[in-house]
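Chemist: Sequence:
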Amino acid sequence: MRLKNRIAIITGAGGGIGRAGALAFAREGARVVVSDIDPERGDESAALVRARGGDAIFIAADAGRPADAKMLVEETVARMGGLDILYNNAGIAPLGQDGFTPTIAEEDWDWIIRVNLTSVFLCCKYA
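Its first residue numbered 12, the sequence shown is counted upward by one per residue in the numbering used here.
Among the clues, some could well be false.
To be verified - Cβ pair distances, simulated, as ranges: (1) W122 / D54: 34 to 42 Å; (2) A89 / G26: 25 to 33 Å; (3) P50 / E117: 27 to 35 Å.
Because the hints were derived from the structure by calculation, they are not lab data.
Backbone N, C-alpha and C define an ideal beta-carbon position, used for all residues, glycine too.
With the sequences and hints as input, model every part of the structure.
Modeler: Listed below in structure tokens is the structure:
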């Protein structure tokens, strides 16, 4: 139980690597805040952690948006009593229509940067 009673936010924890991270952190004793933009998947991840004996809550947030990132940290502190670990896992990797970067629309590029880069900055800023 290397992380006993440590409070951890995991962004993008609605599935995949984020969900696996939430389960691993809980297995090591962390109290986990599952965060995702998809409430259904986020609730599923938090419920799975609890079903396996862990302590988890879900907070819906788009970590790439300043107001959401700030709310995520503030709500974590209010509901869990602090914050020890920030696992900036949220990320996307859509490709252009033919699978090559040059065909990605500019608005999609902005979305990719917001999720993959800006969200890390914002969560660290507000933590």
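Chemist: All hints are to be evaluated individually against the structure, with a verdict given for each.
Modeler: These are the hints, each one checked on the structure:
no., hint, verdict
1, W122 / D54: 34 to 42 Å, "24 Å, violated"
2, A89 / G26: 25 to 33 Å, "26 Å, holds"
3, P50 / E117: 27 to 35 Å, "29 Å, holds"
Checked against the numbered hints given earlier, this structure breaks only hint 1.
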